[in-house]
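First to last, the sequence lines map onto chains H and F. Heads up, the first sequence is in our numbering, so the first residue is 1 and it goes up one at a time. Heads up, the second sequence is in our numbering, so the first residue is 1 and it goes up one at a time.
Derived from the structure by calculation, the hints contain no laboratory data.
Computed spacing ranges between beta-carbons, pair by pair:
1) H/Val511 <-> F/Ser129: 48 to 56 Å
2) H/Glu471 <-> F/Ser129: 50 to 58 Å
3) F/Gly113 <-> H/Ser268: 38 to 46 Å
4) H/Pro57 <-> F/Val134: 44 to 52 Å
5) H/Ala430 <-> F/Leu100: 35 to 43 Å
6) F/Leu100 <-> H/Thr467: 32 to 40 Å
Computed, partial: chain H to chain F, Cβ under 10 Å:
7) Arg426
8) Phe436
9) Gln437
10) Arg447
11) Gln455
12) Ala456
13) Gly460
14) Asn503
15) Arg506
We treat Cβ as the ideally placed atom computed from N, Cα and C, and that holds for glycine.
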Amino acid sequence: MPLLEARNLSVAFGPGAVPILRNVSFSLEEGRVLGVVGESGAGKSMIARTIAHMLPPRFELAGGEIEFRGRSLTRLPERERRALLGKDIAFVPQEPLTGLNPVLTIGRQFGEHLARLSVPRAARERLAMLMLESVHLRDPQALLRRYPHQLSGGMCQRVLIAMAFAGDPGLVVADEPTTALDVTIQARIMRIIAEMKQRHRTALVLITHDLRLAAHTCDEIMVLYAGCVVEHGPAKQVFGEPRHPYTRCLALANPSLSGERRELVALSDHMPGLTELAGIAGCRFASRCPIRGESCEAIEPQLALQSPGRRAACHHLDRVAGIVAHAASALAPAPAPAAAPVLRVEGLTKRFSEGRSIFSAASRDVLAVDDVSFELRANEFVGIVGESGSGKSTLARLLMGLEPPTEGRILIDGRPLDPADAGSHRLRIAALQMVFQDPQSALNPRRRVASIVTQAMEAGSRRATWTQRLERAHRLLGDIGMPEDSALRYPAQLSGGQRQRVNIARALCAVPRVLVADEIVSGLDVSVRAQLLNLLLRLKGERDIALLFISHDLTVVRYLCERVLVMYRGGIVEAGATRDIFERPRHEYTRRLLAAVPPDDLNSRWAGLEVPADEIEESA
Amino acid sequence: MIALASLDWRAAARSPRVLIGAVLALAVVGCALLAPWIAPHDPEDQNLVASLLPPFWVEGADPAYLLGTDGLGRCVLSRLLYGARVAVYVAVTASIGAMLIGGTLAHLAGYFGGRVDWLIGRAVDVWMSFPPVVLSLILMVALGVGVNNVVLAIVLVDWTRFCRVLRSEVVVVMHRDYIAAARLVGFSHLQVIVRELLPATAPLLVTLLSLEMGIAVVVEAILSFVGMSVEANVPAWGVMIADARTTMYQTAWNIVLPILAVFVTVLGFNLLGDGLRRTLDPRLARGA
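Could you build all of it, start to finish, from the sequences and the hints given here?
Right, dumping it as structure tokens:
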């Protein structure tokens, strides 16, 4: 008997509505790891929520059954469910900081959790310390007296993992356990989860958007698209030779860290949302599928056994191998960068003073950006990589004049900018434009798209007529690959990827020579991210534009940029051509960043997993 | 005015709170505007033969005086209608005045931050540490009696309410990247405040305005009750309540009716304000 078995599980928004999760079946044996992979909105989290019996408001189970050790989880009386959840079935949340109560100490929360597991009072502290030690947290005694905000995100996640495994559960459900954390910590957290799983012989459901991560850490992978399972099979096979066109596109939409650079396969459009699903009769992937045939939009393919242990739902499995990525030579050939730098930064430093007030004379200074110098030429794409807190975003704000630098100069075409001078501000924004990280926050929800992208025509004493602006907006939307009729929509009516395009179009309106892009693809799904990366490359071929691309994701930087600057604790520790840095990293920190990314080749070990979990010190 | 046009008035009009509130408030405003035409008598006309008549539903009423007469034989209905003029005048001018001062300072404080914020914040702190009733009484003594001085007193006391609440909203909006983005496409400070910030704070502004109208009506009634508002020969609800005290054991209606008028007016403005807050604020509207 399998440990967890789901049969035709369906979840819908209200009775009689189109199911957001449809006919999902799978089974999980004891001690095995199932990876549930899909983009946001695919229904991954709904599976976890169904197990926990915590569907969001107005969502309900429309059919099917889910059993744990032969007992139905859907029909369990409340009392028995409470006894089961947290003890036999434990959860690791996505946001470690919201998973812990900020006003209680770790010891208090761990104690309460153990009390629920009916551990006798006398044994609680010892067990808590033992569990914290097993997730490689140093000095657990001191840790128990601390509050969540005194720990880093990675440490909080480790505490939560320790709590989840404290009850010796049969099943742990981890919903994107590393998404909110830095790259280098991701590998460590996955290693700890793997260790704990081994020690407690626990089965694991790992929900993630990262196919490569799942391939490295799971036994089986189930790929979800728009609420349907499209492919299911052994992890290495699903990743290595995907049978379903969606899985294949997903794998090819991910830039790699080694080997030849290939053009990313970018699916058009986006995954159908809740309201769009109602109009789809056939395959839910058909509208974006590169190999669709006539029957696809009319008849829904069934998930069928292809070979032992492998299931896929597609009418044209034989054509899947035809989806290939072009070699990078097919990408727009990079024009040689001009000789004179557009932007030059000399010894830029930003110091924040903390704790200085009228009550205490003593202050603690934080060096957010420490003596940074670099040049950027026209037509050059330069990446800045580093973890959160390395000063990347502060650097962007300094460049744009949103913060005044403590020391150092910024020169545009050799002319230094004076932060206090209005003429300098005009000079700066004529040459430099910024694309913000979160389009949700960067687009005024009360303006129409046309008004947002042509906002520069409204600035100062400029008086463009609405017709002029609409015309310009249409051209800009064409440039970024959006339909003209989106000009009159509001940001709330767009998808995440479209919003980020609008965000880019606004920066392009003033025809800048340098774009400063701060983590502009990190919040996006893999297939949408590939669209945007290809868009940036196309823009580079079409106009003489330089890009300063700030990102924590090394694979994306490798795909996009010719040069890389590695930032660590406010300073640049390594700089050079992308190829050199990725093939022969010199600085210890660069090596650590590279090792943290799961490799494409499943046979080579993921180096991040090799690093002993307690070796790297982590600052809170 | 772009700010007001961009609000979702249609959603607001569907809310029962807004509808009831708007009907009550409009009724009071209508009475105030039309008082000279719909009032059956001159509010100051004394008919000493017919003093202390009860309203029409009580035995012994005179159909010429629908809501009865007071101790001097003046028509209560006419006085209520004319009293609405004072109430509405004070409500509208005082709340708009308080909004202009408080709202402007709030936007400046929240937008520029730093020293400007500190200075305005401390000014509000000092201002609010005076008890409001004492402050308004002192102001009335200094300014002298008169309905315009009542307006001035309310503005000077209540601008802090706008300033406090709006400033925190401005600070929240300032954290959105579109404010920085507007600066980066070349908007001047004034353009950012008027075109980006104001549309976002407008729902709160409208709500506070509506609530302030209710407060102004009550304050005016209190000040005219103690004789510090209108001149003795002008009918106002506070004056009517004060006059009726001497005869309240003979006809309670004389004191109940003006109190009811104040009650209905304030209820109308508050329902309107609360309803607008719920429907215009996108954060609350989504949950509803």
